[in-house]
Every structure is written in C-alpha cells, then in structure tokens.
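Asks: Please construct the entire structure, taking both the sequences and the accompanying hints into account.
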Amino acid sequence: MKADTVGAITPAVLVQLRPGEKILAQHEIMLHMDGPVKVARKTLKQLGVSRAHLMGMSARGDSEEEYYLAEFEGPGNVTFSRDKAGEVRILDLAPGQVVRLRSGHLICFDETVQYYPTVLAQWVVQRGNDREIEYLFADQLTGPGTIVFQSYGNILSFTLSPGEAIRTTPEGLLMTTPTNTVQVGWRQNAAALGVPTAQPVLDVVGPGAILVHSGV
Amino acid sequence: MEITVQGEFVPAALVQLAAGEEIFSEAGLMVYCDPSVRFGVRAFTQGGAGQVLRHTMIGGLPFFLHVYEGPGYVALSRFSPGEVRVLDLAPGQTVDVAEHSLLLASNSVQYTTSYVPGTGRIGRMIGFWMDRLTGPGRVAYHGHGNILGFDLKPGEAMQIDHGALLRKDPTVGLRAFNQALGGGLTGHAMSFEALHVEGPGRLELQTVDPSSRAAHGT
Chain L
0 MKADTVGAIT PAVLVQLRPG EKILAQHEIM LHMDGPVKVA RKTLKQLGVS
50 RAHLMGMSAR GDSEEEYYLA EFEGPGNVTF SRDKAGEVRI LDLAPGQVVR
100 LRSGHLICFD ETVQYYPTVL AQWVVQRGND REIEYLFADQ LTGPGTIVFQ
150 SYGNILSFTL SPGEAIRTTP EGLLMTTPTN TVQVGWRQNA AALGVPTAQP
200 VLDVVGPGAI LVHSGV
Chain G
0 MEITVQGEFV PAALVQLAAG EEIFSEAGLM VYCDPSVRFG VRAFTQGGAG
50 QVLRHTMIGG LPFFLHVYEG PGYVALSRFS PGEVRVLDLA PGQTVDVAEH
100 SLLLASNSVQ YTTSYVPGTG RIGRMIGFWM DRLTGPGRVA YHGHGNILGF
150 DLKPGEAMQI DHGALLRKDP TVGLRAFNQA LGGGLTGHAM SFEALHVEGP
200 GRLELQTVDP SSRAAHGT
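Just so you know, the sequences run in chain order L and G. When we follow numbering that gives the first Met the number 0, the leftmost residue of the first sequence carries the number 0, and every step to the right adds one. When we follow numbering that gives the first Met the number 0, the leftmost residue of the second sequence carries the number 0, and every step to the right adds one.
It should be emphasised that the hints constitute simulated quantities derived from the structure, not laboratory data. Note that this is a predicted model, so its numbers are computed, not measured. Glycine residues also receive a C-beta, built at the ideal position from the N, C-alpha and C atoms. Please note that the accuracy of each hint is not assured.
[Unchecked claim] These stretches of chain L come out as covered by chain G in the derived footprint (C-beta under 8 Å, 3 or more residues):
#1 0 to 14
#2 23 to 29
#3 37 to 43
[To be verified] Chain L side only, calculated, beta carbon under 8 Å to chain G, not exhaustive:
#4 Met32
#5 Asp33
#6 Ala69
#7 Ser80
#8 Asp82
#9 Ala84
[As the list claims (entries may be wrong)] Listing some non-contacts, in silico: residues in chain L with all C-beta distances to chain G over 10 Å:
#10 Pro18
#11 Glu86
#12 Ser102
#13 Thr111
#14 Gln113
#15 Ala120
#16 Gly127
#17 Tyr134
#18 Thr145
#19 Asn153
#20 Asn179
#21 Gly184
#22 Pro199
#23 Gly207
Replies: Structure representation (structure tokens):
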C-alpha cells in the first residue's frame, strides 16, 4: 500500500491500493473510499488469534479489541481518521520485526503483517475495599509489511541502550519493541487529605526503541 | 462585510460589519463582539408549524437564529479544532453544509434545509438534515479537523462516512446505504452505514466526525 498523511492537526491517512492489494483496519475509522474497493470481514480467528486468547483478553475488561476487522481490497483509495489530534506514523516492518503498539492507535496494516492483541503491563489498584487489576493492552505487529498508526499529541522517540531505562506513565507509552522490558512501579504523590496516594508508572528498560506520546 | 479567520488550532471568524449590515448564526457561537453591534433573533419558519417541529425537535435544528447588525465587529467560533472556510455565493448559487458546521451567513443568504433519507433499517440511520444556503451573500463554515476537497466529474462516485460530510453542491447526489462486511448473512448483519456520493459538483469532507469527543476538544 502507499500511505500518505493528509492534514496537520487532526490528520487523516490516504491509502492507495493497487489491484488485489489488501489492508486491514477497523471499519469505524473509514472516512471515504473511491474506486472499486472491495470490503470484507476478517475475524481475529482468521488472523491466527485463538478463541481462548480472545476470551482471556475479554475477561480482563475492555481491551478495545474488535472480534473482526474490515479488509479493504484494491484497486482504489481509502481514507481513515481516528478523529483525534496527533501525529500519524507510517512504519515499514522488515520480515520478523516486531513492535507492540498501544491499543486503540492502529489505523491500518498490510495483510502480510501478523496481528496479535496482547497485554503490555498490568497492575493492582485499591479502590475502597476492592482490589482491581488494570491492564495496558497492545497490538503486537510482526512484519513484513507496512503499518500506520496515530498518536494522541506529539510523538517522542527514544532508542534505549542495554540496561538504559526510561520512566513513563501508562497513558504515555505508545509503542515499544519486545526487546525492551516493561516494569510497573509506583510514584508516591503528595498526601491528599492526609491520605498518601500512589500512581502507577512504567519503567521501560532497553535495549530497544520506544515511542512516547504527549496526549491522552 | 469583511471576514478574517483568526487563530489556527481552534479558529474563529471575525466579521467586520458596516452600518446596517446583518449576519445570522446559530446561538452560542459568539466569542466576542463590539458593543455597538445590535443583537436580534430570527425564527426558523420553513414549511409551517409541522415542518418546523420536525426539523427542530427531531432534526436538531435551532428554533431561533441569532442576528447581528453592524456597525462593529463580531467573532464567532465552533469552539473545536478545525478549519474555517469563507464562501461568496453568487445570486441563486446554492450549497449544502452539514448540520452544526455553519458559522455565519450574511442576511441576504436564504437559509433552508435539505433532508437526506437514511437506510431505514432498525437501529440504522434515520436520515439527517443539511443546511441549504442560497446566494447572493457570504457564508463561513467550520470543518472539524482538516478539510479535504474534491471536484467530482459527472458520474464520479465515492463512498464516505456520515460524519465526514461537510459541504456539497446540490448537484452532488447523496444516498445512504449499508456497506456489507463480506458476504452472507453475517456480512449483512455486520454492515455499517455509509453514504454514496456522485458528481458532478464540489464535495468537501472533514477528517473529524463532529459527534466524536475529539471534535469537542476532549
């Protein structure tokens, strides 16, 4: 596919498909299409995600994962928008190259890319007398092929050396390579009404690449 | 009447009105104005009481439009990220603008509505109204996100999301349909609503669906 960013603040992505070329995306983010583009349905099971894995993801709460994706087949043009202010990145993955992208930010990807929803981090929060587990869901994408995704706000890129660490928040982490380890820590906040509070933070330890975004 | 677009991320249209010159807009769009500007209202009366109730209570159009009379300046905004476009309409020239996108129009512009029927399926679109504006006069409208423009040739068609539609010429045909997601009963059951547009004419799309949270800056 040939993908181009259209517009600046709330960008759209214009994808030009050659005859027979297929991409996958959520159908809700389609803005327009022209030409004889064929639209079909691809379940996650067809993409190699087992039912047990999907049920496990679903049991962990609202993972924002769809049980199916829309498949757009060329020739023709399709435009997508995530209705958010931010930056669009178009990334060509080499064969076997893996990235983990925060859930809800993927726009589209070549059918050659392997898609697998996963959990990037989890932590326990105390709400009154209840202890709840919160999850950071991610889309694991394996090349070869092109992926297109969008941040909320601006993207900051870092390449971590072995053992080098960066601290971010669960909201700030946009993408990481699987060579990085993601550890959950806690940042103590000032006591409110005499009760100390803590906030989860993510310590990402290299080697690998990491993208952080400035919006939520 | 001079219109200047102020700001970039969340733009406003600043209108400089001569003495006696009037513009109208929906309520709640004014950012600031000159104290010398006189303010009034204009009722929506198209098609009699039944039609007015249908358009306003079902269609969501305002009962009253606000009228500003010069001399002085008034700035209007949709208070959301996007682009503002200004258009000079020749006498008799008509454009259709999506609901809640019109910022202002000079009082010489005729304001009516145009209904686009939905697919009518249970749980699907029941249809929507567009603002129909006929010149002579000047109009300004707000596109949520970025504006993408197309000049469609006769018979040239495309399929668009409902929330993407911003502005079209009346010559551009518009029809709601269900886009099946693959074949079979499941594909039809999972279909989603879209609009089939067909030229000739000018078509403008917006990259943010106004019904989404982003359009309201949240």
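Asks: So, for every hint listed, does it hold in this structure?
Replies: Hints, one by one, checked against the model:
no., hint, result
1, 0 to 14, "holds (count 7)"
2, 23 to 29, "holds (count 3)"
3, 37 to 43, "holds (count 3)"
4, Met32, "holds (5 Å)"
5, Asp33, "holds (4 Å)"
6, Ala69, "holds (6 Å)"
7, Ser80, "holds (4 Å)"
8, Asp82, "holds (4 Å)"
9, Ala84, "holds (6 Å)"
10, Pro18, "holds (18 Å)"
11, Glu86, "holds (14 Å)"
12, Ser102, "holds (17 Å)"
13, Thr111, "holds (20 Å)"
14, Gln113, "holds (21 Å)"
15, Ala120, "holds (25 Å)"
16, Gly127, "holds (27 Å)"
17, Tyr134, "holds (22 Å)"
18, Thr145, "holds (21 Å)"
19, Asn153, "holds (13 Å)"
20, Asn179, "holds (29 Å)"
21, Gly184, "holds (29 Å)"
22, Pro199, "holds (23 Å)"
23, Gly207, "holds (31 Å)"
Checked against the numbered hints above, the structure violates none of them.
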